[in-house]
Structures are given as C-alpha cells and as structure tokens.
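**Q** Order-wise, the sequence lines are chains Z and G. Here the first sequence is numbered in my numbering, starting from 1 and rising by one per residue. Here the second sequence is numbered in my numbering, starting from 460 and rising by one per residue.
I should point out that these hints are in silico values taken from the structure, not numbers from a laboratory. There may be inaccurate statements among the hints.
[Stated by the list, open to error] Think about it this way: if two alpha-carbon atoms lie no more than 30 Å apart in a straight line, the pair counts; the simulated BS3-like pairs of lysine-lysine are:
#: 1; chain 1: G; residue 1: Lys970; chain 2: G; residue 2: Lys1125
#: 2; chain 1: G; residue 1: Lys1133; chain 2: G; residue 2: Lys970
#: 3; chain 1: Z; residue 1: Lys73; chain 2: G; residue 2: Lys504
#: 4; chain 1: G; residue 1: Lys1149; chain 2: G; residue 2: Lys1328
#: 5; chain 1: G; residue 1: Lys706; chain 2: G; residue 2: Lys585
#: 6; chain 1: Z; residue 1: Lys73; chain 2: G; residue 2: Lys906
#: 7; chain 1: G; residue 1: Lys1125; chain 2: Z; residue 2: Lys199
#: 8; chain 1: G; residue 1: Lys504; chain 2: G; residue 2: Lys898
#: 9; chain 1: G; residue 1: Lys1125; chain 2: G; residue 2: Lys1058
#: 10; chain 1: G; residue 1: Lys736; chain 2: G; residue 2: Lys585
#: 11; chain 1: G; residue 1: Lys1149; chain 2: Z; residue 2: Lys155
#: 12; chain 1: G; residue 1: Lys736; chain 2: G; residue 2: Lys538
#: 13; chain 1: G; residue 1: Lys706; chain 2: G; residue 2: Lys906
#: 14; chain 1: G; residue 1: Lys818; chain 2: G; residue 2: Lys906
#: 15; chain 1: Z; residue 1: Lys459; chain 2: G; residue 2: Lys1273
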Amino acid sequence: MRINLIGDCGIRNTVLLQINDIKNTVMNKIKPITWCALVALLLFIFSSCEDYLTIDEVENRTIATDYYDSPQKLEQAVVGIYVDMRRALLHNHAWLMYGEGRAGDLTLEVDFMDDMAAQRLTNGTLPLRQLTDWGYFYDAIQDANYLLEKLGSAKGEMLSSYQYNLYRGEALALKSMAYFYLTRIWGTVPSAEATDRGKLLTQQEVLTRCVQWAAEAKPLLPRLLLNDDGIVSTALTEVRFNKTAVCLLLAHQQLWLGKGQEAYDGLTAVFEGQGADSLSNLGLSLGKDSDPDITQQPYTGNPITITKEKLDAIYPVGDTRRSMFTIPEAGTTASLIIEEQNMLLLYSTKEISLLMAEAAWRAGQLETAKSHLTTAAIGATENYALLTAGTFADALLRERQRILMGSGQRFFDLIRFDKIRQFLPSYTESDITLGAAYWPLSAQSIRTNGLEQNKYWSK
Amino acid sequence: MKAIIKGTYFLFLMMTIPVLLMAQGVKSGKVVDQQGNAIAGVTVKVKGTTRSAKTDDAGVFTLRLQQGDIIVTSSVGFKATERVYASTDRLLIELEENQSRIDDVVVVGYGSQTRKELTGAVSTLKMEEITENQVAESFESMMQGRVAGVNIQLNSGEPGATPNVIIRGLAAVSRDDGSAISEPLYVVDGVPIISRTSDEFAVTSTNVLADLNPSDIEEVTVLKDAYAAAIYGSRAANGVILITTKKGKRGKPQININSRTGINFVPRLLDVAGGQKEREQVAHLYALYAPYGVAMPSMYTDVTNPFYNNSSDWQDYLYNTAVTQDYNASVRGAGDFGQYSVSLGYLDNEGILFNTGFKRYSTMTNTTFNALNNALVINNTLALSRTDQTRNPGNLSTNFSSLMPLPTNPMVAGTEVYGLGKNANVNDRIRFSSDVSWKILNDLMYKVSLSLEYTRAMRDAFSQSRRTLWGTNESGVGENRNLLFQNTLNYTPRFGDGHSLSILVGQSAEKMESKVTNVSSVASAPLLSNNVKWPGENDIGTSNYGANTLLSYFSRVDYSFNQKYLLGASIRTDGSSKFGQANRWGLFPSVSAGWNFNKESLFADWEWLNNGKIRGSYGLSGTTWDENYLALGVMNGGSLDQYQSLLQITYGGIAGFTPTWYDGFKNEDLTWVKSQMGNIGMDLSLFNNKVEVVVDVYEKLTKGLLLTTALPTTSGYNEVYRNAADVLNRGVEFTLNTNMRSMRDFSWNMGLNFAYNKNRVVALPDGNADIIKISTSGQDFGSIVRSGAPLNGFFFYESQGIYQSENEIPVDAKTGRRLIGLQNKKLAVGDRNFKDQNNDFSIDVDDRVLAGDPNPKWTGGWTNDFYYKGFSFNVVSTFVIGRDIVNTELLDRLRFGKDFAGTTSLPDFDRYSIWEKSGDQARYPTLNPWSDASQIVDYDSEYVEDGSYFKIKSATLAYTLPKPLLKRIPFDRVRLYCTVDNLVTFQRYSGPDAELVTLDGFDNSGGYPMRRMVLFGLSLGL
C-alpha cells in the first residue's frame, strides 16, 4: 500500500479565515519577522493534502476497480460469468427442474421431486427457495456488464483483436443467454442494465434485447477457439461460446419472437455447407477442472430416470433413440445415459437441423422444414415426409422432446408451442392467463425492489 | 533661592528614603499546610502592587513588605488567603486545603479549563490514592463505580482480560455476536492511543490498555457530552477518556516507592458431585433413561478398575491460592529548567487457575525543558511496556469427571499425560511523543506535537492431546503503528470588564497501520520454530496488512463574562481514507452555554450556596469502524452465498474472478456514524463546599450504524454495508460528593453516583426487519436486534413450566395433531412446556419472544473514605440494577449427551429441582441423555435471571506515619495499607458472579471466576 504524503496542497479557506481573525487582533504586537515565520508555519501546517486520504493500492487485497489489468485477468472475468451460469443451472439440478423435471418427463431421487411433480413450487423448502431465486442469473448478467465496461478501455491496448472479440462476444452471448433463461422461467423480468435498471420488461422486450446482444456477439465469436499456445482447441471450444452456439441461441430467441424467416436466414448463412469440423457443441465445464472439489454432479450420484411407461410413450419401440437410456429388464424406470459427463450440454449440433426445421416451418417453407426435420430425427419410426401444415408442429415438438431429452428445454418448448394445458392438464386456461406457466419468485428475489409475486402464485 | 529649594528637597529625600526603606523592609516568610508541611510554589503577592514572590522548596519566600500591606497567597489545591501585614508578625502563613474542586483546572480536549468555566459534562478522577490502594492490570477496572454514567464491567476473572467500558449506553449494532461495543476514545497526555486491536489483526486477547501502568496516572477525565467530546470528532460519540500522567512538581526530588503483595483466594466454585455421588447419579440416569441394551461404561461398574474409587476434585487441584506482586518506583522533580519524571513498574499477577497469570514490565520517562525565558517549552515522553499473559492451553479442565485421576495420583504420576501445552501472549508497546509549545504572546500559544506509537502482540501456543500426544503449534505476530502529527494555536485574551475568550484552532494528521502473521502446524512436539510444514491441502499461515489515514481540522471558542455567563462552540472536520471520495469528510459541530447563577445578586445572601451552575450542550460526534477498505469493494472469491452454497470458481482449467462474488461491491456511499447528543446539567456546591451535587440529563441518538443490508438480487450482489441502523440512549446521571470534618483529626468523604440509561433501537435496515444474531458459522446467539426494543434482547422460547401429564400437551382441535416440540420432538411428560406463540402447534423459531434485556438500567457506585489522624479507611462499592442475564453456566452443565458418563463432572442433582417423574414440581425438565431432542435447550426463558448486584469492590485500611516519627527515619512519607479486593457480592443471581457475564448477558464465569485478593502494601516517599 502507498499513501501519498505529498500531493497538490490547497489551502483550506476556512482555516485561513480563522487565522486572519487572530492576525487582526495580534499583529500589532508581534515583530514583523516573527509574524512572517508564524504565517509560513501556519500555511504549512494548515494546508490540506487531500491525497493524504487516498489509498492508491491495497497490496494484499483485490479491488475490482484495479484488478483487470491484463488479458489473463480479463479472461478470469469472462470465466467468472460461466461460473455464475453454471451455478445458476446446476444448483439443485436447476436446468432439469426448469425443463423436463417440471414437465414430468424426467425424475430424480431428491426430496423436492414430489413437490415438482405436483407443481408445488412455493413450498418454501431450501431447494425450492433457491430454485425460485433468480439471483444467480443476475449475477451472471452483472458480471457480463462489468466485463463489457472493462473491455471498452482495454481495446487495442491490452488485448489482441482476437481476444477482444472473443471476450466481448462471450460476454454478450452469456448475457443474452442469462436473460433468455430468466424470461423463459419467470416471464416478465426486470432489467439489470445501467440505462433502465429495475424496469420491468415484458417477455417481448426481453427477447428483443436478447436477440440484439446475440446478434452483436455472432460476428465476434470464432467457430473454433484457440488455446494459450494459439492452437485450435476443440475441448476449449466446447465449453466456451462459439459461433455455432451463438447462432443457435440467436435462432432460438428469434423463434421465440416468431421471427421464422430471420432465424432461417441466419442459420442457413452460417451452417449451410459447413463441415462437421467447424461446428461445435456448447456445454458448461464440469468435473475435469484442476480443482478436485468440482464434482461431476449432476451426473454422479442419483441417476436421472424416466418411467418405462413414459419412455414407451415418447420413444415407441423401434425408435433407435431409446438407446439414450439404460432400460433394465426389471423395474419400472429407465435411466438417462449421459454420454459426456464432463459438461452440461446446452447447445448441441443436433439442434441445428431442429431449429432450421422450425425456422423454415415458421417462415412458411413446409417442404424445407420437413426435410430438416427428417435429417434431425434420425432413428425415428415416423415418416416425416408425410407431415402437413396441420401436423408439423406436433411432430416437431415431439422430436425436440426426444432429441433434447435431458437438456432442460422441454417446459420452455411447451410454453413456446402453447401446449402447457395439453401436457399438464391440471392447469386451467385462467391459470395460464394468470401466469402458471412461469415460476414463482422467492421472497429473496422480490425484497427491496418493489416487485410483486406472479399473480398465479400469489393466489 | 533656587539653590535653597534644591537643597531642602535633597535634604528631605535624604531623610525620608531611609525611613521608607526601613518601613518597607525585605521580609522572609514561610507557607505551610495544616499539618505544618512546607508548601512550595505558592504565589505570595502584595495586593494592589506588583510585588510578588514564590515559595521555594522549604516553603520560604522573600518579599519587600511594609506595615498595612495586604498579603495575598494563592496556590492550586489550597484556599486563597488575605492577611494584613504587621511588622511584628511572625510570617508563618498556614494554608487550608481547598476541599472544593470548583477552582480545579480540568484537562479537556486540546487544552484545559477551570471547572467553574466548564460547560460540558466532564468528570475527573484523581488516581493517586486509588492506584496506591489497589492493584489492577488496567486502570479501567479501578474506575469502576466512580464516575456516573461510565459502566465498567469485568466480564472475566482471568488476569489480563479486557473489561467493557460503556459510557452513556451501548450504541453498536451487529449481526453477529455481542462483541461490537461502543468503545470510548483514549487519549494520553493529549495523544490518542491504540486502545484495542481490531478482530482482523488481533493476535492476543490481552487487554491492550493493560500495558499502561495505572501508577503512572495522575488523573483521568471522562468527556461525556457532545460539547466536551466533539472536539475529537469522528471518534468521540462513545465518550472520550483523557489520561494525564504524573509529572514532577517543584521542590526537592520526589522519590516514591510503592511495594505490595497480594494473596489471591479462590472464590466460591461450582458445585460438583464427586466420586461416589457421581457414580450414583450416572447410575440413576442410566436406570431412568438408558435404552434397552445400553449399559454403563465399565469404569462405573468395574470395582477392580484402579480408578473406581477415585474422587478427584479437579477444581481444588486446578484453582489455587496465588500471589500478586506489584512494585512501582518513581523519581520526579521540577524547577525553573522544567520537570522530569521517571517511573518503573513491575506487576506479577499469578492466576488462581493452574498455569495462568499476567506480568507487566513498564517504564515511562517524561521531561520538560523551558527555554527562551519560558517562551518555549519542550516536552518529551517515552513509555515502554511489556505484558505477558499466560493462559490455560486447554489440556486440563476444571470440568473433568471426578473419576479421572489427578496428575498427582501415583497411578499416573510421572507419565506427563497432563499439562502438556502452553499459551503465551506477549504484548509490547513503545510510545514516544514530543511536543513544543511556543508562547508567541502572553495570551497566544502555539503547540506542535509528533507522536509515534508501536504495539506488537505475539502469541505462541502449543496444545497436545492427552491421549495421542499429537499437538498443534500456533504462532502469531501482530503489529500496529500510529503516527500522529498535531498542531494547535490557542489564543486566550481578556478584555474589557470581565470578558475572556479562548480560541483554539488545530489540525491533526494520523496514519494507522496494522499487520498480522499467523502460522500453525500439527506435530507431535512443539516444533513450530524450526519445522513449519505444509500439511496437505491446508493453509499453514496467513498474513494481513491494513492502513488508514485520518486528517482533521478543529476549532473551539469559549467565551466567559465574569465567569458568570459562559458560551462555547466547537467544530471539527475529519477526513478518513476509509470512505469514498465524496463522503470522506465529516463535520462535527457542537455548542454549549453555562450560567453560574450563584454569582447573580439574587443569590448573594445564600451563603450556603457556594457555587451553582446550569449548563447545556448539543452537538454531533462520530464513530468509526475497524475495516479499512469497506468502501473500496474488496473482492473475495469463492465465499459462501446466502444459501451457504460454495461457489466453485474453477472452470475449464481457469479460475474465474468476478466482482459479484462476496463483497466486491464498490460502496462509495458509506459515511461516518454520527451521534446527536443533547445534555442539560447542573452543578451545585453547598455548605462551604462540603456538599457537591452534579446532575445531568442526556439524549444520544446514534445514526447510521454500519450494517449489512440486502440488495435487490437483480443487482448481482446479495448485501452491502450501509449506514443503516439508529440507536437511542436516554439517561440521567447523579453524583453526590460530601466531605465532612467533624473535628480536626477526623473527616469523612462520601461519593455516591448513579446513572439510569434506557437504550432503544430506533431504525433498522430492510424495512426495520429483526436481526437475529448469528455467528459466521451460522450458530444462533439467542439475541435479537429489534426496532423499538433494547439492543441485544434475549430472543428465547417462553417457558411455561414442565408437562406433568399427557393431557397438558396441546392438541389442534381441527386436525387432532399434538403440539410438536423443538427438533420435531414428540413431546412427552417431563418435557419443557414452551408456549406456542403463533398457535401453529409446532415449536420453532417463530415461537421465540423477547425474554429479557441484558443492558443495565441503573449503574453506579458508592465510595466512603474515613480519615482519622494517620489512619484512613476506604470502601468502594459498585452496583448494577435492572439487568437480565442468562445462567448458561448451569444450562451447559445440565445438558447431557448419550456419552456423558465419565467425561465431565456432574452438578449435584440434589441441589436443583429436576423433573424425574409425574408430579415432580420441578424447575428443570427431564435430563434424559438419550432423548432425540434434549430438553435442556439453549434459549429457554427459564434460565433468564435477575442480574442485579451490589458489590463491595474494595476496602482499604491504611496508616500514614506521623511527621514526628518520620524525623527519626530517612523518609518523608511512610504509608502502610491493607486492601481486600472483591470483598463481597450481593446478588439474586443463582450463578457464580452476576458481573462475569458477556456484554449481551450470558454467563461467562465458567472459564475463570473472579479472585478475592488481600493486599498488603508499603508506600515510601523519600
């Protein structure tokens, strides 16, 4: 630490006034030379060095303002956002609970599963309090915004253009993804942007912003990332935002907004004619880190299971995708096989065809859509060439359910395809109008910000 | 003709001058006190002339006098006299000691004032006699019960423990334990000193102020109200304690030696069921409650066990009569050159508990040099001290089962299975200050001072398992450095008819640095010094450094008209590095007024009224906190979040680092905690100053106490420190001093003081949400901070007795469900009957209520000093009334787990009313050690008791040898005395000592009871 003892010294006026009062009274009694010495002394003493109070460096502590002064440290800030996202999606198996868990497709041997299945989301147990708290997503958003602010000044000076584009692209994409999760889980959510912090945004507004950020990130992110030695690393690309992932994210958001044509154009521009080598999945890194405390949960411990009855309903006998499950002879459940236990898969290359199919369909190109769906649904027993405009949506939704099983998308798909009531008949039309499709908010989430509980859940 | 006139004139002169000279001869005289002792330094003047002189060491003065001159004498501490000089007079002037303190000069912040001109609430305490009669590690405990409104509590009997000093009520809020106390500022000879170490940098728990030898203290002044204290600005809200050390006095060198030895006796100890009784009680509990198949440990049943017949009295073994020795020597003197003072002190205070004690080595040198015809006064002080506190390393406990063999038992003697370990705590302090005062004019004084203070604390601890001999080594060093530069200019003109003014302007700059290093290792021997290993993944050491600066400007103006009408105003602005740019400067103004109404003609005939003053003040003062960098947003990755979930920061081989992880919030809005205090007081001196009454009424509103407050989760942060809580303290203080002299040789001085304080939380963050205090590890402390209630009230389950029958257990009429007890226990007969406050048929945290107030309402003291010839008898008592405390000591001893047998001692059950069977009218519920949920629960209102007490703190009988006797021995003064310390306590509390409780009201005596000391002393003056 260094505390400046010498700096720009300015004379404090108030003190001078007091000195002047004394001066008027006593100056006649003092010899001029003494007076001069006194004044000089007092000027020295009573001059204020504001810098005396400023602590420039704090040696053994990390202050956010001064910390990010190298590419490596900025990368730590980027990684910090992934860590926040991982926490948001992993605690209490959140990603699954927000998706297939609540939809009733998949189950886990955890205490709160019964509450989930019964849609008792305001139960108040610790896992449910945590699941209904949106704080972790906002942590990621805050960290992304902080990084974007820091990157502004780092451009050209500290970072190569590759690093700048990558970090900025990642921050934008992660922010876009965090808001995207927020609005799909809770519907209407407040902004955490500096311009309108706290303003409640409709889902339409949130999605519009998400699309904007993802679109901005898209040209910045490379198809494949380089490691510290400047060599292309597929392992790194898989756990950091890459062009494949951001395009899928963008298209997904555009489809939520009903902008099929835009989604289709974007997807074809990026993926048409691309070889598999330039494509990559995106997942959140688990387990393989140097820190031995990072467990491979959720994939270790309790298996993710499905009832055999439900399995048969979703994957009819003959569907080769039944191989995604271990189906024991005995018992009533089958368990989901996790192929890649080192990451929580968020965007798979398998989703390209699915999203292209949906985009083409929503853009009015049914034949193209059917072709993409057929490409996506390898192993299906159905002949999708026979689909009509009236049957396409159900087939697509079913294929998304089959292909993306375990990725946490199911419940969000039901909202997007407006099928909540069909699959969860316990909800009435008015429940859905009040907001039953979205999650309640924990007390923690709505304290000190004037927000109110979702109308359905506050009934 | 001209020549004749000249000649006549010359002749006249020649004749008259000798006559005049003869009439106005140079006379010598002597000034003595009532005992005939010479008084040096007395000013002797001839009234209406400029003729004056001062008495020398022998009390002798020389002055040109003529018949009819009025000789006026004045001296501090004696009544002024006037007498007409008659040439035949034998010039022996006897001065009477001034019993009135009204003319005393009182030290105030950055200066001094006569008591008559004071407008603030200021109390002074002369320490000379107190320090001579008593031995204590620190001066604070000697002040106990002597100053109204200053509540000093010794919360442990351990030598070197830190007492709590609270002036005018507690004004500190925290979310964790009760350790956040509102501590006063300590200033020694004008220099604020290091009086405590923040938790972050604490290495030893020894009282930091214990290294200040009380025998070096002349006087302690307590600044209580805003006007008196606000000149110390940001650190004055909890009062200021000014310590003036002893200086040399004019006359021959004063050599003093004070030597005393005390015997520390063990007080009443815990009742323990030993030997046979313990075995019976264990057997009884097994018979009553042990589940099927669970048998008593063989040590209780196997008569062939060599320890079967043991009845070890661990308390008797570990608590022993101990000896305290204290030696002080000093040489002091003064003359035209200045003054000098050198003192040495050594205290060895053996603890009554095995292997504990406290030693202090101290020396202090103070010199003053006068130069340039006294226009320049140079003053230097150097104080060095070391305290060495030995604590119990924890291997031996007074709470061991009586069946365990004592180390003296031949079966284990020599095997050294006990007593392995040490816990040494050494604190060093060096304090050097130097100041120069320059008298520019008679009434204009400039003073510059520089002081440097350095403290170092070292702790070395080793504790070894009795069974495995596997030991833990710990070593720590902590340092604090303070550098302070102060400048003041004092202008004190007198003008017109009785107008006087005192103007002070000043500046101070202070830099405080702290550093700490701690290391530890685990080994089978005390090996830390040469063998610090890295044990696996664990940290072996930590170090920390922190610094802050404080820059201040201040001014005070006091105006007095004929000492009748008094006005004062002060202002201080403090800037601290602890805050953000915009908030670092705090302004602390205050005003006051006083009226010495006895000087009005209306009261001229009231001869019994010697002095009467009404005074009032209002002002702002501040409080700071320990953390240096709260405003900066210090990042600390990987901490627990609000769900106690650990954040794993490694991702893809890289450790992430973001500001949202715990404390990374840059918090520039933090600012000073400010206290608004209003005070109205009255001082009366009656009946020839034989009775003195001081009354003060005050209100102190402390605003903006620092607390963590919730942030909207959308911010990315959980909580942030804010100036969020307000606390109000209101009170009345009353002091009565009398000094009666019934005959020439007998006098009786009595001092009674008491204070009433009411404490209330006014505002809390997050919409006045209750704060239930929890430790950093999540343990509930059982205290609550609630708006509208006193600070740290007990938050307990309300006991309604014990369930005597099944049908007493409430049943929900709607559901048919029975009330469920704590920890979801199925309630049974003999269990504690807690009130289900919210009628949800489940006892849980929602059923806790405010069950007591640990803040004392009335505090005070009563002192009586009797003097007869050379004998004196002094009794000091203190009292606290209106305080609740929790008997945690008993609670802990009644709670048994299933492996209770053979581990700890048992209380004698016959002495407690414990439930065993239906119909037992018991106070304490079933002690079933195998119960799923013990009925001896921490926060049971049954354990709240009245904590009021009256304690005769000390009684001293002393004898001073008379003058005639001294002529035969080479001493000026010989005094013998005997003091009994902690003589007797009257209390309603059923535990050991109602004073030994923590600040938030929980019994703290178990670890170390308060000794009773009989002290014999000899004080010599050469």
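**Q** Each of the hints needs a verdict: does it hold here or not?
**A** Hints and how they fare:
Only pairs whose Cα atoms come within 30 Å are accepted, and Lys970 (chain G) paired with Lys1125 (chain G) is accepted, the gap being roughly 23 Å. In summary, the hint linking Lys1133 (chain G) to Lys970 (chain G) is supported, as the alpha carbons are separated by about 22 Å, within the 30 Å threshold. Taking the CA atoms of Lys73 (chain Z) and Lys504 (chain G), the gap is about 80 Å. The hint is violated against a cut of 30 Å. Straight-line distance between C-alpha atoms of Lys1149 (chain G) and Lys1328 (chain G) comes to about 19 Å, which keeps the hinted pair within the 30 Å bound.
For the hint linking Lys706 (chain G) to Lys585 (chain G), the alpha-carbon distance of about 14 Å falls within 30 Å, and the restraint holds. Taking the CA atoms of Lys73 (chain Z) and Lys906 (chain G), the gap is near 51 Å; set against the 30 Å cutoff, the hint is violated. Simply put, Lys1125 (chain G) and Lys199 (chain Z) have alpha-carbon atoms about 22 Å apart, close enough for the 30 Å limit, and the pair holds. For a cut-off of 30 Å, the pair hint linking Lys504 (chain G) to Lys898 (chain G) stands: about 24 Å separates their Cα positions.
Taking the CA atoms of Lys1125 (chain G) and Lys1058 (chain G), the gap is near 58 Å; set against the 30 Å cutoff, the hint is violated. Of the supplied pair hints, the one linking Lys736 (chain G) and Lys585 (chain G) is violated, its CA atoms being roughly 53 Å apart against a limit of 30 Å. A hinted pair counts as satisfied when its Cα atoms are at most 30 Å apart, and Lys1149 (chain G) with Lys155 (chain Z) does not qualify at roughly 82 Å. Only pairs whose Cα atoms come within 30 Å are accepted, and Lys736 (chain G) paired with Lys538 (chain G) is rejected, the gap being roughly 69 Å.
With a C-alpha separation of about 19 Å, the suggested pair Lys706 (chain G) and Lys906 (chain G) falls inside the 30 Å cut-off, and the hint holds. Of the supplied pair hints, the one linking Lys818 (chain G) and Lys906 (chain G) is violated, its CA atoms being roughly 37 Å apart against a limit of 30 Å. For the given pair, Lys459 (chain Z) sits about 24 Å from Lys1273 (chain G) by alpha-carbon distance, which is consistent with the 30 Å threshold.
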